[in-house]
Amino acid sequence: NAGVTQTPKFQVLKTGQSMTLQCAQDMNHEYMSWYRQDPGMGLRLIHYSVGAGITDQGEVPNGYNVSRSTTEDFPLRLLSAAPSQTSVYFCASGKGLAVDTQYFGPGTRLTVL
Amino acid sequence: GENVEQHPSTLSVQEGDSAVIKCTYSDSASNYFPWYKQELGKRPQLIIDIRSNVGEKKDQRIAVTLNKTAKHFSLHITETQPEDSAVYFCAASYNDYKLSFGAGTTVTVRA
Numbered sequence: 021n022a023g024v025t026q027t028p029k030f031q032v033l034k035t036g037q038s039m040t041l042q043c044a045q046d047m048n049h050e051y052m053s054w055y056r057q058d059p060g061m062g063l064r065l066i067h068y069s070v071g072a073g074i075t076d077q078g079e080v081p082n083g084y085n086v087s088r089s090t091t092e093d094f095p096l097r098l099l100s101a102a103p104s105q106t107s108v109y110f111c112a113s114g115k116g117l118a119v120d121t122q123y124f125g126p127g128t129r130l131t132v133l
Numbered sequence: 036g037e038n039v040e041q042h043p044s045t046l047s048v049q050e051g052d053s054a055v056i057k058c059t060y061s062d063s064a065s066n067y068f069p070w071y072k073q074e075l076g077k078r079p080q081l082i083i084d085i086r087s088n089v090g091e092k093k094d095q096r097i098a099v100t101l102n103k104t105a106k107h108f109s110l111h112i113t114e115t116q117p118e119d120s121a122v123y124f125c126a127a128s129y130n131d132y133k134l135s136f137g138a139g140t141t142v143t144v145r146a
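Chains as they are written, first to last, in my numbering: chain A, 21 to 133; chain B, 36 to 146.
Extracted from the complex, chain B is given alone in its bound form (with noise of 0.2 Å):
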């Protein structure tokens, strides 16, 4: 199967400033990496992906870098704000119909 690790497990930054979560995979198969948002009491939401074809993706103030070489992807949120605050999971694929979850990263954003 894919072994996801995820780091850091908490994460608490001034509003404003910018949030890096890191994870890394196992699998070299592995094509597809989703990352998901959670707010608490609610249910995971897709807030960007990313395939092996392509390096980086943008989308506001989010964006995934993704390194097929040492196996590991990360997001990053510049210019956080309160609504952000929430737990962030990343996951990656493998034999095409699986998905492989992180732990979690709890991010405060701290007016």
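Chain A extracted, bound-state conformation (with noise of 0.2 Å):
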């Protein structure tokens, strides 16, 4: 199994421009969720999933969109990237629909410039 998968590693883009972190997982997990990481800010959620499309807002959704329409793909949109969205992106799975043992991705560094 590879688990979980991201890409890009590293993604440097230009304000206002719009990308996408894709993020797999090959365990049949239901629970899928996106964080993002900055130094002093431990872990911040910014959108989870149940199911194939069902999705909802954590803690900092501003900014981002997701969809899921197939249990192993949760891709995370950046509509208009901004510089405060600099920061490491990590994509999370987990057994059974209620948070239990997250399962993380190898992360995207991502700046905007």
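Be careful, since some hints might not be right.
[Claimed, not checked] Simulated coverage check for chain A against chain B, where a stretch passes if three residues somewhere in it have a Cβ under 8 Å from a Cβ of chain B:
#1 76-84
#2 92-102
#3 110-121
#4 124-132
Hints are computed from structural coordinates only; laboratory data are not their basis.
Given the structure is predicted, the values throughout are model-derived calculations rather than measurements.
Each residue gets a CB set at the ideal place from its N, CA and C atoms; glycine is no exception.
Put the two chains together into one complex; each comes in its own frame, and the hints tell you how they fit.
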């Protein structure tokens, strides 16, 4: 099993550009989530999903969209990138519907100029 | 939402000594409390977790204690080794589907 995979590893954007961060898991997990990690602030939940077709907002959802068309994939879209979105983004998945052990992907380091 | 505070932000210990990290949470309905370890440049990985119906849990050199009344939980690492050097994050669940993380503790084990 590959576990949780994320692409790209690194990305540089200009202010106002849009892009999609990809996340996939091969563990048949229903629960998937996106976090951003900033120095001194831990991990903050952006959006999560408890199954295909079901998504909801986390702690810091503004400026981000998600969709869940399959169990395996959970892409995160930045609509109009801003310097404040410079961060490391982690995707995670978990068994069950409620939050439980989270298996994190390797992360995407995003810089917005 | 849930507010999780974590102390200390940095911790330096001599190899073989114990390390203790403490977290407090605000939502009395929180029922799941995991701890994650993140090595430099790597992804966070679960090291131990506890649910609200349990007061203490141990796994070899690592233990977690939970005080629901005081709304705090702690991570204890005994006989620390150089490979324990990392950033440790506590977290608390809220609304069943969300995790709120503490800001992290950087642990350095001195040889």
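Enumerated hints in conflict with the structure, sorted upward: 2
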